[in-house]
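Under the UniProt record's numbering, think of the first position of the sequence shown as 1, with each following residue one higher.
Calculated directly from the structure, the hints in this document are not laboratory data. Computed from a predicted structure; not experimentally measured. Check before you lean on any hint, since a few could be wrong.
[What the hints assert, rightly or not] Label pairs and their computed distance ranges (CB to CB): (1) S46 x E117: 19 to 27 Å; (2) D7 x G86: 30 to 38 Å; (3) T15 x E117: 19 to 27 Å; (4) E24 x Q110: 18 to 26 Å; (5) R114 x D7: 23 to 31 Å; (6) D5 x S89: 31 to 39 Å; (7) L14 x G119: 29 to 37 Å; (8) D5 x A125: 42 to 50 Å; (9) H17 x L112: 33 to 41 Å; (10) E117 x G30: 24 to 32 Å; (11) E48 x Q103: 33 to 41 Å; (12) K19 x H104: 32 to 40 Å.
[As the list claims (entries may be wrong)] In silico EDC-like links for lysine to aspartate or glutamate, alpha-carbon gap of 20 Å or less: (13) K19 x D7; (14) K80 x E48; (15) K19 x D70; (16) K19 x D95; (17) K19 x D85; (18) K19 x D5; (19) K19 x D65; (20) K80 x E24.
Ideal placement from N, C-alpha and C gives every residue a C-beta, glycine not left out.
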Amino acid sequence: MAGLDDDTPIPTALTLHRKSRMLEIAFGEGNEYSLPFEYLRVYSPSAEVRGHGVGQETLQVGKRDVELLDIEPVGHYAVKLVFSDGHDSGLYSWDYLHMLATQHDTLWQQYLDRLSEAGASRDPADNPPPAPRHGCGHKH
């Protein structure tokens, strides 16, 4: 299971900083990282964000103001993060959090590049709502 092998650094502290919208993570290896709530939300490990395979990812737009409301422990290997936009289905294993922390700059730039290519924005007001769906999608 993710986060349980001998090489994965285990967090020794998770601290919410609501005013600055940062999650501070201290690992047993002695390193500390501060990760923006928006970054954690757009890189959620959930199927809703990542899809079920390569190429099925859903670009997350308009998440600049998202808040992290709660951190719920999941066994001894992960946490579930609860966001203000209702998203709470991603399980952030220790190894996934460590990867997000150590690769922050690269991953953040990749996200910004994808937003730019899509003509989308980090700001909620700049992104039109999705087109309404008609019917259930089945032919009757």
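Which of the numbered hints are not met once you compare them with the structure shown? 3, 6, 9, 10, 11, 12, 13, 16, 18
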